[in-house]
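A.B. asks: Next come the chains, spelled out residue by residue.
2 protein chains.
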Amino acid sequence: MIMSNLLTLDPWSLHPQLARDTIVIGDLALSRLLVVNDANWPWLLLVPRRQGASEIIDLDEVERAQLMTELARVARALKEVSACDKLNVAALGNVVPQLHVHVIARRSGDAGWPKPIWGATPPLPHDPRELDRFVTAIKRKVWITAEDS
Amino acid sequence: MIMSNLLTLDPWSLHPQLARDTIVIGDLALSRLLVVNDANWPWLLLVPRRQGASEIIDLDEVERAQLMTELARVARALKEVSACDKLNVAALGNVVPQLHVHVIARRSGDAGWPKPIWGATPPLPHDPRELDRFVTAIKRKVWITAEDS
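If you read the sequences in order, they're chains R and C. In terms of the numbering used here, the first sequence opens at residue 712 and continues consecutively. In terms of the numbering used here, the second sequence opens at residue 712 and continues consecutively.
Bear in mind the hints are in silico, worked out from the structure with no lab data behind them. Errors might be hidden in some of the hints.
Copies of the same chain are indistinguishable here, so a pair counts whether it falls within one copy or spans any two.
[What the hints assert, rightly or not] Below, in silico cross-link-like pairs of lysine to aspartate or glutamate (DMTMM-like), each with a Cα-Cα straight-line distance of 25 Å or less: (1) Lys852 to Glu774; (2) Lys790 to Asp769; (3) Lys850 to Asp749; (4) Lys790 to Asp732; (5) Lys852 to Asp771; (6) Lys790 to Asp749; (7) Lys826 to Glu772; (8) Lys790 to Asp771; (9) Lys826 to Asp769; (10) Lys826 to Asp732; (11) Lys826 to Asp771; (12) Lys826 to Asp749; (13) Lys826 to Glu766; (14) Lys790 to Glu774; (15) Lys852 to Glu766; (16) Lys852 to Asp769; (17) Lys826 to Glu774.
Could you build the full structure based on these sequences and the hints that come with them?
C.D. replies: Given below as structure tokens:
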């Protein structure tokens, strides 16, 4: 009862700019998983559903541990699905203050390589069928794979 | 004796480029804490002392939890010491493959704001006395503060 009241009162909602720039894949225990509308790179976001959190240290210790668990699960899924050379993981938030963690699959020779992706090149629209295949593959890895390590 | 043998056999060493670009602050249980030789921003690195680790998911589950604990401790210290507007946390590694986590204090209006710092502006040498004060303040917060949350 107390839990469900707390959940009802929780005013969290996805920041409008994140909502505009992404498609929802689904919710993990703590975070909403999103794919960014930019086909230059396989690019996911994890957004902890905690109202007012802007920094990782705004989460409490249990939430931070959960974020790391979810980050590892998502990073592993993205690495397997994309067969990338390197993952880029970042919580920046200089423009959109709502805490969000980028998980990006990089390949040697991709747009902007080896620089970080932000501002490297204009967004590229997704091919709807490729996006659908990508989201389906990520969902299968993130929600069906049981082990976390 | 066993410990000291293990330490002798541990082949981890700091990547030469990270060694060249930073000054050592000290070692946490898992990570070496460094300050980057660039006075444009208060800029720390956490480098887990695990040979061959390039991605966060190359660490095992216990090490990932420890990395999050150390990251939170360092981020809190940096936020307090710098009185920054925003922390930027990132594990990129497209150039230097050894796993390293950037923890950067940003201020509205700093060099490159609100863009990420990489490539924003040429490195600026530290004033040795300011650097010494900064390192002393970070050390005090990271090693003396007892609580992790």
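A.B. asks: Now look at each hint and say whether the structure bears it out.
C.D. replies: To see whether the hints hold, each was checked on the structure:
Taking the closest pair of Cα atoms, Lys852 and Glu774 come within 25 Å of each other both inside a single copy (22 Å) and across two copies (22 Å). Proximity of Lys790 and Asp769 under a CA criterion of 25 Å is satisfied inter-copy only: 12 Å between copies versus 28 Å inside one chain copy. Taking the shortest Cα distances, Lys850 and Asp749 sit within 25 Å of each other inside one copy (18 Å), while across copies they are farther apart (41 Å). In the homo-oligomer, the alpha carbons of Lys790 and Asp732 lie at most 25 Å apart inside one protomer (22 Å), although the nearest pairing across protomers, at 29 Å, exceeds that limit.
Proximity of Lys852 to Asp771 under the C-alpha cut-off of 25 Å is restricted to the inter-copy arrangement: shortest distance 19 Å between copies versus 27 Å within a copy. Taking identical chains as interchangeable, the C-alpha atoms of Lys790 and Asp749 lie at most 25 Å apart only when both belong to the same chain, with a minimum of 18 Å there against 32 Å between chains. Proximity of Lys826 and Glu772 under a CA criterion of 25 Å is satisfied in neither setting, with 32 Å inside one chain copy and 29 Å between copies. When the C-alpha separation of Lys790 and Asp771 is checked against a cutoff of 25 Å, the pair qualifies only between copies, where the shortest distance is 16 Å, while the shortest distance within a copy is 28 Å.
Proximity of Lys826 and Asp769 under a CA criterion of 25 Å is satisfied inter-copy only: 22 Å between copies versus 29 Å inside one chain copy. For the identical chains of this complex, Lys826 and Asp732 are neighbours both inside a copy (21 Å) and across copies (17 Å), given an alpha-carbon limit of 25 Å. Proximity of Lys826 to Asp771 under the C-alpha cut-off of 25 Å is found in neither arrangement, the shortest distances being 32 Å within a copy and 27 Å between copies. For the homomeric pair Lys826 and Asp749, the shortest alpha-carbon distances inside one copy (17 Å) and between copies (18 Å) are both at most 25 Å.
In this assembly of identical chains, Lys826 and Glu766 lie within 25 Å of each other by CA distance both inside one copy and across copies; the values are 24 Å within and 17 Å between. With identical chains, the CA atoms of Lys790 and Glu774 are at most 25 Å apart both within one copy (24 Å) and between copies (19 Å). Within a single copy, Lys852 and Glu766 get their C-alpha atoms only as close as 27 Å, which misses the 25 Å cut-off; across copies the closest is 18 Å, which meets it. Taking the shortest alpha-carbon separations for Lys852 and Asp769, only the inter-copy value of 18 Å comes in at or below 25 Å, while the best intra-copy value is 29 Å.
For a Cα distance limit of 25 Å, the shortest separation of Lys826 from Glu774 qualifies neither inside one copy, at 31 Å, nor across copies, at 27 Å.
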